[in-house]
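Engineer: Please model the complete structure; the sequences and the hints are all you need to start from.
Now for the letters of each chain:
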Amino acid sequence: MDAVIAAKNLNKMFGNLTAVADVSFSVAAGECFGLLGPNGAGKTTTIRMLYGFSPLTSGTLELFGKSIAENLCDIKFRIGICQQDNSLDPDLTVLENLMVFSRYFDLPRQTAADRALKLLAFFGLEHRAAAKTSELSGGMQRRLVVARSLINQPDLLILDEPTTGLDPQSRQQVWTRLEELKRSGLTILLTTHYMDEAARLCDRLVIMDHGKVLVEGKPADLVRRHVGREVLEITRPDQSVRDFLAQRGHEFEDLGHRLLVYDQSCNGLFADLAEQFRDADCLLRMGTLEDVFLRLTGRALRE
Amino acid sequence: MKLPLFPPVSGRFVRVWQRNLTVYKKSWKVSFIPPLLEPLLYIAAFGLGLSGLIGDVSYQGKAISYVDFVVPALLATTIMYNGFFETSYNSFVRMYYQKTFDAMMATPLTMPEIITGEIVWAATKSVLSAALMLPVLSAFGLLSYPASLLTLPLSILGGLAFGATGMFFTSIVRGIETFNLPVFLFITPMFLFSGTFFPLDQLPAWAQGVALFLPLTHLVLLARAATLGLWSAILPFSLLYLAVYTLVFFPLALTKMEKRLIK
Ligand SMILES: Nc1ncnc2c1ncn2[C@@H]1O[C@H](COP(=O)(O)OP(=O)(O)O)[C@@H](O)[C@H]1O
Ligand SMILES: [Mg+2]
Numbered sequence: 001m002d003a004v005i006a007a008k009n010l011n012k013m014f015g016n017l018t019a020v021a022d023v024s025f026s027v028a029a030g031e032c033f034g035l036l037g038p039n040g041a042g043k044t045t046t047i048r049m050l051y052g053f054s055p056l057t058s059g060t061l062e063l064f065g066k067s068i069a070e071n072l073c074d075i076k077f078r079i080g081i082c083q084q085d086n087s088l089d090p091d092l093t094v095l096e097n098l099m100v101f102s103r104y105f106d107l108p109r110q111t112a113a114d115r116a117l118k119l120l121a122f123f124g125l126e127h128r129a130a131a132k133t134s135e136l137s138g139g140m141q142r143r144l145v146v147a148r149s150l151i152n153q154p155d156l157l158i159l160d161e162p163t164t165g166l167d168p169q170s171r172q173q174v175w176t177r178l179e180e181l182k183r184s185g186l187t188i189l190l191t192t193h194y195m196d197e198a199a200r201l202c203d204r205l206v207i208m209d210h211g212k213v214l215v216e217g218k219p220a221d222l223v224r225r226h227v228g229r230e231v232l233e234i235t236r237p238d239q240s241v242r243d244f245l246a247q248r249g250h251e252f253e254d255l256g257h258r259l260l261v262y263d264q265s266c267n268g269l270f271a272d273l274a275e276q277f278r279d280a281d282c283l284l285r286m287g288t289l290e291d292v293f294l295r296l297t298g299r300a301l302r303e
Numbered sequence: 001m002k003l004p005l006f007p008p009v010s011g012r013f014v015r016v017w018q019r020n021l022t023v024y025k026k027s028w029k030v031s032f033i034p035p036l037l038e039p040l041l042y043i044a045a046f047g048l049g050l051s052g053l054i055g056d057v058s059y060q061g062k063a064i065s066y067v068d069f070v071v072p073a074l075l076a077t078t079i080m081y082n083g084f085f086e087t088s089y090n091s092f093v094r095m096y097y098q099k100t101f102d103a104m105m106a107t108p109l110t111m112p113e114i115i116t117g118e119i120v121w122a123a124t125k126s127v128l129s130a131a132l133m134l135p136v137l138s139a140f141g142l143l144s145y146p147a148s149l150l151t152l153p154l155s156i157l158g159g160l161a162f163g164a165t166g167m168f169f170t171s172i173v174r175g176i177e178t179f180n181l182p183v184f185l186f187i188t189p190m191f192l193f194s195g196t197f198f199p200l201d202q203l204p205a206w207a208q209g210v211a212l213f214l215p216l217t218h219l220v221l222l223a224r225a226a227t228l229g230l231w232s233a234i235l236p237f238s239l240l241y242l243a244v245y246t247l248v249f250f251p252l253a254l255t256k257m258e259k260r261l262i263k
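Order-wise, the sequence lines are chains A and B.
Residue 1 is where the first sequence starts when you use the numbering used here, and the numbers rise one by one after that.
Residue 1 is where the second sequence starts when you use the numbering used here, and the numbers rise one by one after that.
Honestly, the hints are just simulated from the structure, not real lab data.
One should not assume that every hint holds.
Stated by the list, open to error - Straight-line C-alpha distance at most 20 Å; calculated EDC-like pairs for lysine to aspartate or glutamate:
#, chain 1, residue 1, chain 2, residue 2
1, A, 8, A, 22
2, B, 99, A, 85
3, A, 212, A, 85
4, B, 26, A, 96
5, B, 99, A, 135
6, B, 26, A, 203
7, B, 99, A, 179
8, A, 218, A, 275
9, A, 218, A, 290
10, A, 182, A, 203
11, B, 263, A, 85
12, B, 99, B, 177
13, B, 263, A, 22
14, A, 182, A, 2
Unchecked claim - Each pair of labels, with its calculated beta carbon distance range:
#, chain 1, residue 1, chain 2, residue 2, range
15, B, 184, A, 113, 45 to 55 Å
16, B, 41, A, 13, 48 to 58 Å
17, A, 153, B, 141, 57 to 67 Å
18, A, 236, B, 96, 30 to 40 Å
19, B, 36, A, 67, 45 to 55 Å
Heads up, the beta-carbon is just placed ideally off N, CA and C, and yes, glycines get one too.
Structural biologist: What follows is the structure in structure tokens.
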């Protein structure tokens with residue numbers, strides 16, 4: 001079976017700046033694939049190449065088994081795109097936004113009206129159908145953008161940071177909806193810098209930084225490979241704790257006020273530490289994708 | 001369109017035109033007021049005020065009233081303003097602030113189709129405003145028929161010409177205030193010196209020469225021929241000039257906008 005997305009050695013230069021460097025990945029039908037990375041990693045640029053907004057500097061790109069160079073129009077009928085910036089039409093109401101968008105896909109009016117109402121209900125916006133988009137909260141606007149990207153019943157849904165800036169309730173709602181869409185067999189490509197979002201939704205993902213892919217894999221595998229099953233956090237450690245860990249040969253990350261010990265099992269260590277350093281503040285928890293992300297991309301601030 | 005200079009544009013551009021029509025229809029009551037009321041203001045100012053001072057004007061060897069002289073120029077400048085302002089300020093707002101074009105790029109539309117839709121919409125506004133003005137002017141007996149009906153196809157051409165001009169400036173301005181420059185250096189001088197409010201032969205010879213390169217000069221000549229029903233030998237050249245002007249600026253606007261927005 002053909003991959004829905006087959007990206008090989010994508011490169012994108014803006015003048016001298018390499019925004020995307022040799023990125024390759026493929027997404028199978030029905031899969032939810034994540035592009036993760038800090039700000040400026042090249043996620044949006046990659047996505048803009050996928051739907052033909054940005055021309056590739058080099059590389060090959062096939063969607064639905066067809067090269068985008070020759071089949072862009074046909075391909076665009078089959079994908080739904082939720083761009084990073086909300087680009088709702090402020091001159092139109094909520095419902096009109098969906099209706100006008102449906103015309104860009106040549107949908108017959110009645111079909112469009114049926115779908116629009118269903119989508120508004122699906123995203124909990126049916127009571128705001130006649131509102132101006134500027135009257136919506138940030139969360140509602142974002143949900144409307146996601147709803148709009150589904151108006152053509154796409155075979156591939158591309159979401160660029162669908163939940164950035166949303167409150168926890170809105171985020172949960174969007175996640176639930178995306179999970180439903182996933183169950184119905186929709187192929188999804190998602191960018192995010194929320195690791196809980198990626199861990200929950202993505203079957204596979206890549207972590208990018210500075211335009212390059214650092215790792216690729218299933219969320220759980222990545223955690224096991226790069227962090228271990230458990231992480232031991234020691235808050236306000238003194239020198240004796242550091243010496244103890246070094247002596248026992250544990251790999252740890254020193255953040256000054258906090259130590260992170262990564263291991264397949266920290267259980268024994270936790271017990272020993274609790275015994276030997278009664279006043280040490282220890283916490284044993286599961287390794288997460290966030291640990292992987294921070295280990296790989298570093299803790300330095302971006303932007 | 002398969003003209004050599006044009007990037008490929010399918011009929012899909014109509015979808016963009018439709019979007020603007022949908023928005024326009026929401027506020028048509030307000031949008032209809034200027035083209036209906038403006039002629040009344042002008043007729044009051046020129047017919048009651050200036051006419052008495054000026055008397056008749058000699059135009060192509062004929063004496064015509066000043067109001068008859070000014071009315072077609074008024075039509076032509078309305079066509080220019082509707083076309084130009086739609087694709088300058090209004091398109092810029094859609095492009096830059098509302099990200100409307102970005103959203104459209106996530107659909108089967110291409111950038112040249114989006115821009116073509118915008119320019120054709122600008123021309124549509126030119127036609128609408130001319131069509132609204134005609135009955136008002138006719139009510140005062142200021143138009144000769146059927147020749148005056150030619151102002152409608154003329155407003156399509158004029159609307160495309162100035163719509164393309166506005167879009168060309170949209171493709172190069174830095175911010176929305178920058179439009180002051182082309183308005184001050186190009187649009188306003190045209191409004192004043194294109195044979196609009198006084199015959200071109202009042203100008204020194206060099207200025208007449210310059211005026212012949214201004215698209216509004218030719219739009220005014222053609223509009224005046226239509227409303228007065230006066231044929232003259234220069235008209236085919238005026239028509240040709242406007243057509244060539246459009247065929248230069250339209251594809252130029254498409255390619256420059258593509259350069260600006262596709263990165
Ligand atoms: N149009 C552009 N012109 C120049 N540089 C750009 C442009 N778009 C993005 N970049 C740069 O490319 C890099 C990747 O940006 P982007 O793809 O937006 O990252 P992300 O979406 O992962 O935050 C950044 O350094 C950004 O500044
Ligand atoms: Mg981004």
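Engineer: None of the hints should be skipped; say for each whether it holds.
Structural biologist: Against the structure, the hints come out as follows:
no.	hint	result
1	A/8 <-> A/22	holds, 8 Å
2	B/99 <-> A/85	holds, 8 Å
3	A/212 <-> A/85	violated, 23 Å
4	B/26 <-> A/96	holds, 11 Å
5	B/99 <-> A/135	holds, 18 Å
6	B/26 <-> A/203	violated, 45 Å
7	B/99 <-> A/179	violated, 29 Å
8	A/218 <-> A/275	violated, 37 Å
9	A/218 <-> A/290	holds, 14 Å
10	A/182 <-> A/203	holds, 10 Å
11	B/263 <-> A/85	holds, 16 Å
12	B/99 <-> B/177	holds, 18 Å
13	B/263 <-> A/22	holds, 18 Å
14	A/182 <-> A/2	holds, 19 Å
15	B/184 <-> A/113: 45 to 55 Å	holds, 47 Å
16	B/41 <-> A/13: 48 to 58 Å	holds, 56 Å
17	A/153 <-> B/141: 57 to 67 Å	holds, 58 Å
18	A/236 <-> B/96: 30 to 40 Å	violated, 50 Å
19	B/36 <-> A/67: 45 to 55 Å	holds, 53 Å
Going through the hint list in order, the structure does not satisfy hints 3, 6, 7, 8 and 18.
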